[in-house]
Structure formats: C-alpha cells, structure tokens
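Please model the complete structure; the sequences and the hints are all you need to start from.
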Amino acid sequence: MQNLIEARNLKKYFATQKAVDDISLNIAKGSIFGLLGPNGAGKTTLLRMITGIFYPDEGDILFNGKKFDPAADISRIGYMPEERGLYKKMKIGDQALYLARLKGLSRAEAMIRIKEWFVKFEMQSWWGKKVEDLSKGMSQKLQFVTTVLHNPDLIILDEPFSGLDPVNANLIKDEIFRLSREGSTIIFSTHRMEQVEEICDHIVLMNRGKKILDGTVKNIRQDYKEDLFRIEFDNPVLPEHTAIHLFHVVSKAEKELIIKRNEGFTTNDILQYFINKGLGVHSFNEILPTLNDIFIRLVETAPRARQFETVAQ
Amino acid sequence: MSKIGIIIEREYLTRVKNKTFILSTFMLPLVMILFIFGSVFFAMRSREKQRVAVVNDPGFFRNNLKSDSSSVIFDFTEGVDSLNYRSKGYNGILYLPEGDNKTNYELRSDKQFGLEARGYIERQLNKAIENNMLQERGIQKSTLDSITRVSDKSVQLDNIVKEKNGKAREANAGLAYGVGFGSGILIYITMFIFGAMVMRGVAEEKMNRIAEVIVSSCKPFELMMGKIIGIAGVGLTQFMLWIILLFTITTLMQFFIPHDTLVQFQEIQRNQQQIPGGANNTMILKILEAKTTLVEGVNWGLIIFCFLFYFLGGYLFYAALFAAIGSVINEDPQEAQALMLPITMPIIFSFIILTSSLQNPNSPVAVWASIIPFSSPIVMMGRIPFGVPDTVPYWQLIVSMLSLVAGFLITTWFAGKVYRTGILMYGKKATWKEMAKWAFRKA
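Which chain is which? The protein sequence lines are A and B, in order.
The first sequence begins at 1 in our numbering and counts up one residue at a time.
The second sequence begins at 1 in our numbering and counts up one residue at a time.
Possibly wrong hints are sitting among the right ones.
[Claimed, not checked] Cross-link-like lysine-lysine pairs, in silico, DSS-like; alpha carbons within 30 Å at most:
no. : chain 1 : residue 1 : chain 2 : residue 2
1   : A       : K136      : A       : K88
2   : B       : K437      : A       : K89
3   : A       : K29       : B       : K219
4   : A       : K66       : A       : K29
5   : B       : K219      : A       : K129
6   : B       : K17       : A       : K129
7   : A       : K130      : B       : K219
8   : A       : K91       : B       : K219
9   : A       : K18       : A       : K67
10  : A       : K91       : B       : K17
11  : B       : K437      : A       : K18
12  : B       : K219      : A       : K66
13  : A       : K130      : B       : K17
14  : B       : K127      : B       : K49
15  : B       : K219      : A       : K210
16  : B       : K219      : A       : K89
17  : A       : K91       : B       : K19
18  : A       : K88       : B       : K17
19  : B       : K433      : A       : K18
20  : B       : K219      : A       : K11
21  : A       : K210      : B       : K437
22  : A       : K130      : B       : K19
23  : B       : K19       : A       : K88
24  : B       : K219      : A       : K88
25  : B       : K49       : A       : K115
26  : B       : K19       : A       : K115
27  : A       : K29       : A       : K129
28  : A       : K88       : A       : K173
29  : B       : K433      : A       : K11
30  : A       : K136      : B       : K19
31  : A       : K115      : B       : K17
32  : A       : K136      : B       : K219
33  : A       : K120      : A       : K89
34  : B       : K437      : A       : K11
35  : A       : K89       : B       : K17
36  : B       : K17       : A       : K136
37  : A       : K29       : A       : K225
[Said to hold, decoys possible] A partial selection of chain B residues facing chain A, derived with a Cβ cut-off under 10 Å:
no. : residue
38  : I7
39  : M207
40  : A211
Think of the hints as simulated: they come from the structure by calculation, not from any bench.
Every residue gets a Cβ at the ideal spot worked out from N, C-alpha and C, and that includes glycine.
Structure (structure tokens):
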C-alpha cells in the first residue's frame, strides 16, 4: 500500500524542549492512523509540522510521494486542532463558507456542500445563528463539518470526541469510518485508548518527543503479550491441580484460573495436563494486553512529568 | 479569489456591516462639530463682566484707564474699600498707589480673576501710564486720541509668496494652519483607532483559538496582511463617506442662499471690490467669501492625495506593530498596555511636534520629523498645506514618502515574524526582546 505521509527524521526543538526529537513514520493511504502519547509528548508539534504550520528544524516530509509543499498541499488537508476555535460573533453559515473558501472551494461549491452536511447533521436551523449561541457539543459538530467540508485527502483530528455525548460521538465516528472507506486518510490523535483500539488500523506512541511504539493494533498487542491465559472449568479447581511446573497462577476463582505460562511450554502442554487430570475445560483464552495497559507500562517507565531542559541549538 | 482576498473581504465586510461602524461614521463628525461649538460656547461664557473699583487717590489713572464694556469695567467711585467692595457690587478692588513703582499695584478679589481679564487690566494700566507720561511731556489729548484710533486696529499682514513661475500668490497662513492641524489630528486619531482595531482583531483570533484553524489553511502572513488591509479599507470607506457627507452639506447649503445674494457675490468677485452699502446680506456674503478662500486658497488635490498617502503609509507602518502586539498578548489586557507604550509614545510625540511645526514649518525639528517614518505621517501633513514646493521642497516630500514606504516594509516584515510565532504561543507574555529574537530566527 502506498503511503500518503512519509516523515523522515523530523526534529523540532524549542528553547526549553526537544518537542519532536527524530521521528520517522509512515501513514498508509486510506488508513486510520492513531497518534498517541501523554500530555506534552510532542503530538501537537508533530501535527503542526504535517499541516505546514511549523517548519521542521531537520528532516523532511513526503506528501503523496512528493516533498511536502505547504502552499500547494495545505488545501488537501483538513485539520481540527485540539483547542477548538471559531469566530464567536460570526454567523454559523458564513463561518463555514469562509473556512471552506479558504481551503480553495468556490462560493457556489462550498454552499452546496455545507447544505449537504448541515442536513446530514440536522443543523439546518443553525445557519443564521452565531457561534456564541451554540453549546459546546454543537460547536464541536460545526468544527468537524468545517474540517471535512473540502473533501481533504488527509484529515487530522485532535481529540475529536471530547465534549460530545455518546449519540453525537457515534455520529462523528460513523462519518470517520465512511470518509476512510471513501479513500481519505485519517490521523487521529488522542489519549483515549478504547477509541483507538476500536477505530485505528495503525498507531504510533510518542513520549518525550520520541517514538516508542509503531505498528498495527493487533501486532502491538501480540508483541506485548505476557503469556497470560484465562481458563474456565466445568468443576471447581482444587489446589493440587495447580502444583505444576508448566505455569504459575496469577489469580484464581472457584471454576476459573488466570495463569502465566512458563517458558518452554506450549498451550497444548497445558491443555493436555488438565485433560489428564480429568478436569473439564470449558474455555481457554489468551489474555492480550489492552493498549491502555501497554501505554501505561511504557510511559510509566519514563519520568512522569516532562522536565524543562536546555537545548543546544 | 486568492486566500488573502477572501480574508480581506471577511475583515472588511464584518466591520462595515456592523452597526457601530455606521453609527460612528455619522456620529463622529457630529461629535466633533459639537465639540468645536461647545468649546467656543464655553469660552464665550467664561468671559464674564468684571466690575473693578479703582482706588487711586490723586486720580492719576482717571483719564486714561479705558473700560471694556464686555469684559472689565473700571469704576472710580469714592468710599469703596476692601471691606465693602463686594456689597457695592464689585468683583474686585484695584489699589494703585501713587508713584512710578508698578510693583505696588494690587488687585484684591474673592474669586481669582481669569487670565484674560487680568491680562486686559495689565495692558490697560501700561497703556494708561504711557499715555500719562506722553501728556506730561506736552502731547495734546486730541493728538493722542487720533493716534490711538489708528494703533488700536490690528494690522492685517498679507504674505505674498513669489512662486517659481513668477506668479505671486497670497499665502494664507491661517488657512494653512487650520488645514495642517486638521489633517494632522485626523491621522493621529485614526492611527490609534484603526491600529487598536487591528490589535484587538489579532488578539481575538488568538483567544478564540481560531488562528490555528486559519493558519492550517493559509500562511500566517496572509492572515495578518488580510486583516491589516481589510481594516485599511474600512478606514478609507469612512473617509470617503465623510467627504461625501461634507460635499452634500455644502451643496445643500447653496440652495438656502437667496439667488440675488449669489449674483451679488459673483459681481463682487468679478470686480474685485466691495460694493459699500449694497450688500443687504453681509453675513452670507462673508460665508461665501470664506468658502471661496477655502476652496481656492489651498491646493486640495495635492492635499487629499498626500493625506491618503500618509494615512495609508502611517497606518501600515504602525498597524503591523499593533498586530505583532496583538499576537503575543494573552487574556490580560494589562499586558497590552505595557507593550503598547513604545508604539504609542512616538505617535503622541509626533503630535507634539506637529503643534510646534505648525508655528514654524521650516524649523529643523519639523523638517526631520517629517522625514523620519515614525513621525512623518502626522508632521508632514502639518507642513504640506503651507505649500509645496515653497515650504516643503520636492526632495523632502520624496525622501519622506520613500522612507515611509521602506519603514512599513520593515515593520511589516518584523511583525510577520513575530506574528507567526506569537499567534500559537499561549501562557507567557513575550517581551520586546524576545520578539526581536523571533524576528531573526529562521522559521
């Protein structure tokens, strides 16, 4: 699969922090890409370089196989920053029209698309209202519409669900899936892990300006598995059943065990053992770590709060 | 349309369509007229009549101290002293002991006399002493009176300036002063109004966090310039409306002037002489004359061109700096105050130079201040009505204009650099030193 974005050794140093410190990543065309990291990891700085707001100190970005040229490629990108912003005193319709025209749509074209989206999101009655009249969730929806209005190849969403109720969050989520199916590439930046597992194909985890994880959600969970298994039995488990060198018990309930397999043995060895003991195995499942577990494990090994440092430029 | 065009359109339309714009366009001239009439009215009122009792024993001043029925009346009634002058209806009592020692003179009153009244009394005393001495040396009272009649009329000095083409032109210093002061003060006020508008607009975009959305669609520089140019358009629209308003009013005024008065006036103009007694409507004739002097006494084409040039140049020069400030401040308006000081100081200072250069348009201070772009928009507009090229040689005008253009290119470049960093920085207020650092760093 071809990559829409290829970043090579990106660096951006500020006076007191190495915000982005030598990051390379590929984002496949049409994929939903998750950019994760704790607060202050450098996500926003990285996104600002991809949207052309910042120039990298070092390294370069390829957009669609060619060197990224902000002036030309910017209209192919839709960016919804974490800090939402709209003109408070401007009418909703005018505002959407203005932002769409800045992205290069003609007035007539923009008008047609805005109307489509407003119908879809049931926002028709908002047209003449001002942003200051909207609730937080409403302005969030408006912000999403203005981000995707010009059918961008690359949609960057920084925490798109914050402040949305479940109904509206699902509405936006469905749109994200639809846009992805229609060929848009989506970068999704968040620290809500359950959403990432649900939505993203590929993730990169950043911490302190560096990339510490890169892969598909499935592969990463496999890579970080700890040989844990949950076994459910038909009959109660007795202590003598667990005195064996194949595994050790992590936790135990009446008819359930969570075990950690010892090195050098296979799952078949364990199943064989219980069958020989005459215990009926009801189910046997591997426990894969959630992204949340992996995230916490990786980030916790580093000092929690980012410290200021002097950066030699 | 280009992106900057779309931004200009938005900045312009949102402001011009605003009710406050329409209101301020029509209210401001009204407020100014009220202000002028109000200050004249209060100045007239404050000239109240002062009755002064004079205690001057041998009556040395009795013959030569002249009262003015509208301001100060001297009264030589007997039996008035410092205890009873109030009850006898006097505002003050003037003690003039005999002798040449002028420092012994004394004015006692309950309330302090105004500067004007005191000046009048002092002038009259000097005059009276002078007249007394002349009479003592044998000048007849009648001779003295006839001299006084002539010397009391003030001289009207016509300053005939010889132009390069040999044609003599009557320089109207009063008119030049008025036009210079008017356009200087107008540039001064609008620079503040529209500069602050730019600063508020930029700060608002930063506060709303929309700046980040916009700069992901266009260059920060385009956003900044779009705002500056859009607001310049608002300013020009306002001037245009004022000119139209003024033109309409003066045209309408002519309909209210009787036809034969107009004919009479044209007659007078053609013959270049007053028709004594013939004018039954002297007031209107005077207004018409004033209007003709106003229209013909000044090179309006040049002045309007220069005014627009210096308004735009000065505005662009300072608006960029105001935009830079807007981009670095946060929620606290106090921060803006502190950062604005280095920008408002030169503007206020140029206004002070303007007032002195109107008195003396060729002083070195006036010449230099009208060339340096920090003050040239205001000071040069004060000098131009005195005549180009007599008072302001062509080279000065050209150097001044070129340096203003160079000046705003530099401030815009600097502001652009500061702006692109400041607009996305939250939390800490930047200092001018930090801003200078941003300007010289690669993006």
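Checked hints:
Only pairs whose Cα atoms come within 30 Å are accepted, and A/K136 paired with A/K88 is accepted, the gap being roughly 12 Å. At roughly 35 Å between alpha-carbon atoms, B/K437 and A/K89 are farther apart than 30 Å, so this suggested pair is violated. Between A/K29 and B/K219, the direct Cα distance comes to roughly 26 Å. Compliance with the 30 Å bound is thereby established for this hinted pair. A distance of roughly 14 Å separates the Cα atoms of A/K66 and A/K29; the hinted pair therefore holds under the 30 Å criterion.
The suggested pairing of B/K219 with A/K129 holds, with an alpha-carbon distance near 29 Å, which does not exceed 30 Å. The straight-line distance between the Cα atoms of B/K17 and A/K129 is roughly 16 Å, inside the 30 Å bound, and the hint therefore holds. At roughly 26 Å between alpha-carbon atoms, A/K130 and B/K219 fall within 30 Å of each other, so this suggested pair holds. A C-alpha spacing of about 24 Å is found between A/K91 and B/K219, which places the hinted pair at or below 30 Å, so the restraint holds.
Straight-line distance between C-alpha atoms of A/K18 and A/K67 comes to about 24 Å, which keeps the hinted pair within the 30 Å bound. A C-alpha spacing of about 13 Å is found between A/K91 and B/K17, which places the hinted pair at or below 30 Å, so the restraint holds. Straight-line distance between C-alpha atoms of B/K437 and A/K18 comes to about 19 Å, which keeps the hinted pair within the 30 Å bound. As the CA atoms of B/K219 and A/K66 are separated by approximately 20 Å, the hinted pair is consistent with the 30 Å bound.
Between the alpha carbons of A/K130 and B/K17 the distance comes to roughly 15 Å, so the proposed pair stays at or under 30 Å and holds. Our distance criterion of 30 Å between C-alpha atoms is met by B/K127 and B/K49, whose separation comes to about 21 Å. Taken as a hint, the B/K219 and A/K210 pair is honoured in the structure, with Cα atoms around 28 Å apart against an allowance of 30 Å. Simply put, B/K219 and A/K89 have alpha-carbon atoms about 23 Å apart, close enough for the 30 Å limit, and the pair holds.
For a cut-off of 30 Å, the pair hint linking A/K91 to B/K19 stands: about 15 Å separates their Cα positions. Taking the CA atoms of A/K88 and B/K17, the gap is about 16 Å. The hint holds against a cut of 30 Å. This hinted pair checks out: B/K433 and A/K18 have alpha carbons roughly 23 Å apart, not beyond 30 Å. Annotation: proposed proximity of B/K219 to A/K11 holds, straight-line Cα distance about 21 Å (limit 30 Å).
For the suggested pair A/K210 and B/K437, the alpha carbons sit about 27 Å apart, so the restraint of at most 30 Å is met. For the hint linking A/K130 to B/K19, the alpha-carbon distance of about 16 Å falls within 30 Å, and the restraint holds. A hinted pair counts as satisfied when its Cα atoms are at most 30 Å apart, and B/K19 with A/K88 qualifies at roughly 17 Å. Taking the CA atoms of B/K219 and A/K88, the gap is about 22 Å. The hint holds against a cut of 30 Å.
Note on B/K49 and A/K115: the hinted pairing is violated, with a Cα-Cα distance of about 75 Å set against a maximum of 30 Å. With a C-alpha separation of about 28 Å, the suggested pair B/K19 and A/K115 falls inside the 30 Å cut-off, and the hint holds. Distance restraint check for A/K29 and A/K129: the Cα-Cα separation of roughly 37 Å exceeds the 30 Å cut-off, and the hinted pair is therefore not satisfied. For the proposed pair A/K88 and A/K173, the alpha carbon gap of about 26 Å is at most 30 Å, so the pair holds.
With a C-alpha separation of about 26 Å, the suggested pairing of B/K433 with A/K11 holds against the 30 Å cut-off. For a cut-off of 30 Å, the pair hint linking A/K136 to B/K19 stands: about 28 Å separates their Cα positions. Of the pairs offered as hints, the one joining A/K115 and B/K17 holds, with about 24 Å between alpha carbons and a cut-off of 30 Å not exceeded. Annotation: proposed proximity of A/K136 to B/K219 holds, straight-line Cα distance about 28 Å (limit 30 Å).
Of the supplied pair hints, the one linking A/K120 and A/K89 holds, its CA atoms being roughly 24 Å apart against a limit of 30 Å. Proximity of B/K437 to A/K11 is assessed by CA-CA distance (about 20 Å); at most 30 Å being required, the pair is judged to hold. Distance restraint check for A/K89 and B/K17: the Cα-Cα separation of roughly 13 Å lies within the 30 Å cut-off, and the hinted pair is therefore satisfied. The straight-line distance between the Cα atoms of B/K17 and A/K136 is roughly 27 Å, inside the 30 Å bound, and the hint therefore holds.
Under the criterion of a C-alpha separation no larger than 30 Å, the hint pairing A/K29 with A/K225 is consistent with the structure, at around 29 Å. Checking B/I7 against chain A: minimum C-beta separation of about 7 Å stays under 10 Å; hint holds. Using the Cβ-Cβ criterion of 10 Å, the hint placing B/M207 at the interface with chain A is satisfied: the shortest such distance is roughly 9 Å. Below 10 Å, beta-carbon pairs count as interface contacts, and B/A211 has one with chain A at about 7 Å; its hint therefore holds.
Hints 2, 25 and 27, counting from the list given before, are not met by this structure.
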